[in-house]
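Asks: Kindly produce the complete structure, drawing on both the sequences and the hints.
Protein chains in written order, with numbering that gives the first Met the number 0: chain A, 0 to 266; chain B, 0 to 266; chain C, 0 to 266.
It is worth saying that the hints were derived from the structure and are not from the lab. Ideal Cβ positions, reconstructed from N, Cα and C, are used throughout, including at glycine. Certain hints may be false.
[Said to hold, decoys possible] Just so you have them, the derived chain A footprint on chain B, three or more residues with Cβ under 8 Å:
(1) 3–11
(2) 69–76
(3) 182–194
(4) 240–250
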Amino acid sequence: MKITAAEIYKSIEAIRRESPVVHNITNYVVMNSTANALLAIGASPVMAHAEEEVEEMVNIASALVINIGTLSEHWINSMFRAARQARKKGIPVILDPVGAGATTYRTKTARELINNEPPAIIRGNASEIMALYDDKARTKGVDSAASADAAIEIARRLSETHKCVVCISGATDYIIDKEKIMKIKNGHQLMSRVTGLGCTASALCGAFAAVEKAPFAAAVNAMAVMGIAGEMAAKTAAGPGSLQIHFLDYLYLMSEDDISRLLKVED
Amino acid sequence: MKITAAEIYKSIEAIRRESPVVHNITNYVVMNSTANALLAIGASPVMAHAEEEVEEMVNIASALVINIGTLSEHWINSMFRAARQARKKGIPVILDPVGAGATTYRTKTARELINNEPPAIIRGNASEIMALYDDKARTKGVDSAASADAAIEIARRLSETHKCVVCISGATDYIIDKEKIMKIKNGHQLMSRVTGLGCTASALCGAFAAVEKAPFAAAVNAMAVMGIAGEMAAKTAAGPGSLQIHFLDYLYLMSEDDISRLLKVED
Amino acid sequence: MKITAAEIYKSIEAIRRESPVVHNITNYVVMNSTANALLAIGASPVMAHAEEEVEEMVNIASALVINIGTLSEHWINSMFRAARQARKKGIPVILDPVGAGATTYRTKTARELINNEPPAIIRGNASEIMALYDDKARTKGVDSAASADAAIEIARRLSETHKCVVCISGATDYIIDKEKIMKIKNGHQLMSRVTGLGCTASALCGAFAAVEKAPFAAAVNAMAVMGIAGEMAAKTAAGPGSLQIHFLDYLYLMSEDDISRLLKVED
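Replies: Here's what the structure looks like:
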């Protein structure tokens, strides 16, 4: 499989043109920054979490992003209902298992979501991905970085069992399915000092999956765009505050030339 | 009716001087940006949504802003209780029917709030306003822009039935009551790529209504200030990330001269 | 007691090196900005509020920050459970009684938390602190500034009764325990036009208390760093929007020299 700047940019243009509705059931911390990132890339974010309306909201959406970052009971019920409806309707579901491994509640919820309503794409850091499969993996908080290498095997098994794409993000991002793996080496260290950029990556997976039928390519596109916007932002930012702002600006401004110039992808 | 820069600025000065408490029961996505916009213009935002305390919080407030952007059951109960108390106490209620038309739950909640506790000002985009009256209006997500022209007639009817001011925001903002209409042509396209600026507009209606007895003038002032700050911000912003930041700066910095220079109002 | 720039900077270095997990049960308005401030200074924020997981999350944390800014019933239960677990485990608890005095619900909750699970540090503005002890103190909203002088006596009594450090923030910050008082005169007026900087101060108390055993010194360090970052940010900011961004940048960039140059502390 070959990923080119032209392919990625074609997807960005599709998002900007079609402005697909991306329905997010996500955590309180990142709702604002997630919505802003989706708007900056050209999508139409909606946020709705009430059991009374999630199915109806899914019906007007082109992708559903579920993020377990600040769980509670009613929200979990809504996540299941929305995921079921999304699968029934045939739109892609993206799961971000924030903090899986950190508490039993998160690990259990993420695993049950995957078992009952397998998503098209799962995106997390190495320890979160490992916690989806292996009880011995333990997160140090939410940002932990277990060895990505150790997580790749787990990701491959998850992918095979649940027929989904798994994305492990970190200094190098790995996009994995049962038969292939792709590495993206874009991004910048300073991004880890801004809250919710992982969650933004998952939301962008939703935006790209809304316009690109193959979840693998959608995840690659999203992670490449994340990393490139982050690099561009880090170059002009004084610190994490301005990085967050420049990042949104570059999602909006990104050209095919920016992608050609900066893309670092390996298979 | 004649709106002048001097009148608008007098209201800004009143807000800066009196720092009125604006009580917001609003959605998770925009709480932070709403609070920041209210602080930047000079008001004192409070956020409180528990049934146990909303009435008491209303009692120390000069305006109440209800925004249905991320509904759930307990929040709806609190919205009704707070609105009732605000009307009893005689402070203006502003309703932002975010996503009305997108789901039955939102449409129903917004209509019931209007029927039972008619607000002083309703502010939404064209499809949201149409959904308050007409079952045939359907939102494509939350940002949808049905023809503003088609919504004006609905707004006029709502205004007549419920004795309230209706503001339809979009490229042109329309402030409508049963006998008059005013158009504001400030603002900038890039504002639609920042989440929650509509919600901010509703919150500013609250701040202006807290210092200006006539809801119509308060809504005109708020929409003019929104649009002017947005234009000034767009001029210096690289994209939607920096626009959001500059917008807050200009709310804080806005002078009478800025308003004179930029105000584009028509009746 | 003598506070030096070298001591403060040593604590910053410890945070940057150890990246302590700070567990926040905080309000919706500031979750994002709080997490960003903790990341900028070098800590690892986690947010979790479900009764099902708070105790387990406390177990991987080095400090717990409880902020009552947007209360509701389930959250209160979780606050008590988390605080109990934190005390059992021996990690510092920081309480931010946002809006105490504004409603009975907040005043009661804050007082019960203090009586049942005395925190290591309480940080609030003058009227909030007074409301913790005296029914006659009344807040005008959340930002109210009762006379700091009048609050110092209350703080001292709270400190004595509950064996905790009390921090009254305002133009001058007072850090108080039963036998000493320290004043920090850093900060800038424009900071009061950005939402949640008080909440950020409490979160930074958590980060500093995670690496510094004495709560008094931790609170002094946190308030000094807040004020210095705020002053640096105000110098380069056009208004409250950019102040918020520069503030995060300076938390990240702050050097020992910045502290030496700007620290204004008195005992």
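Asks: Now tell me if each hint is right for this structure.
Replies: A quick look at each hint next to the structure:
no.: 1; hint: 3–11; verdict: violated (count 0)
no.: 2; hint: 69–76; verdict: holds (count 4)
no.: 3; hint: 182–194; verdict: holds (count 4)
no.: 4; hint: 240–250; verdict: holds (count 4)
Violated hints amount to a single one, hint 1; each of the other numbered hints is respected by the structure.
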